[in-house]
Amino acid sequence: MVNPRTAGAGPAAGEQLGDGLHLLRFTGALYCRAELSAPWGVEVPRLDGYMTLPVVLAGRCVLEIGDDRHILEAGSAALITRGAPHRLLSTADAAATPLFDIPVEQLSDTYEHIRFGGGGERAQVAYAAMRVDAPLTARLIAELPDVIRVDAWADGEAGVFQAVLRLLAREAEAIEPGGEAVMTRLADVLVIQVLRWWLRNADLAATGWLAALRDPQVGRALGRMHARPEADWTLVELARQANMSRSAFAERFMTLVGEPPMRYLAGWRLEQARSELLRTTDAIASISSRVGYTSEAAFSRAFKRHYGTTPGAVRRSAPAPQPLAPVRAGIPG
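Numbering (numbering that gives the first Met the number 0), first residue to last: 0 to 332.
Derived from the structure by calculation, the hints contain no laboratory data. Be a bit skeptical, because a hint or two may be false.
Computed Cβ-Cβ distance ranges for the label pairs, DEER-style [stated by the list, open to error]:
| hint | residue 1 | residue 2 | range |
| --- | --- | --- | --- |
| 1 | D67 | T254 | 26 to 36 Å |
| 2 | T96 | P144 | 24 to 34 Å |
| 3 | S285 | A205 | 36 to 46 Å |
| 4 | A205 | A180 | 39 to 49 Å |
C-beta: ideal position from N, C-alpha, C; glycine also.
Throw the hints in and build the complete structure from the sequences for me.
Right, here's the structure in full:
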């Protein structure tokens, strides 16, 4: 194992909350450019395991999700964090057509173009549906609101967000070589920008994973664990990173996170390993070493104890990458 004292600096105090976003990884995804004319309405089904992001590039639309209704003007976006069913409408009384019943122009496996509506007032919407696949993602998603709406920010974020929107609109207007890659990167950037803004401005609960990341002392220790899971962390060393006594650190960590530090670390290592088993072809021995195990046998025992199955079985269960098929077929997951 790596000595935590010589493993290199982790995130500085105050940075660990933003660094939690690095736990997000977007894999299978659908990116859509929609040219719409009133009256129009699109009904999007539940997409479990996906974040969805409609961005209004021109015109306006109504977003209905559950009992809530939002008016989105040009330059507005709404991040739907848990793939809840929703409707996008030209007006509140417009009829909605199921998304998968609307004809599309398939530009690639992950990028499509929709022209739809009754020929009236026009709107243009960029839409992304991104599968979230990363360790401990459930911890982050569980603490986000169902919808994070962004209109215009009065602080420095506004310029960044609007600049990305302008680039997205330009790419949506012109179908050029490489346009799909640019659209996907920009959509990812928009999601991260929305989450960064929310994390900095939200009135978070007093306890929970996000509150722990925001805590100057416990958050520092969490940042070290996330950055260096292979290091030979002990409770004493983690308390030293937090500049706390061992007992005070253990108590505060338990209060905020809901489990002891060393149990959290063990779970984090195994989550990292499982993610790598599913998305890489690296040898199990290499993966076990990268997450802090000196013995593949010890790693396999811990993995089976935690997940009820072996690393090899998880590796064999990894699906072939088919990013668009489950979304377009309307079969979430």
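Hints, verified against the model:
no.: 1; hint: D67 / T254: 26 to 36 Å; verdict: 33 Å, holds
no.: 2; hint: T96 / P144: 24 to 34 Å; verdict: 28 Å, holds
no.: 3; hint: S285 / A205: 36 to 46 Å; verdict: 40 Å, holds
no.: 4; hint: A205 / A180: 39 to 49 Å; verdict: 42 Å, holds
Violated hints are absent here; each numbered hint is respected by the structure.
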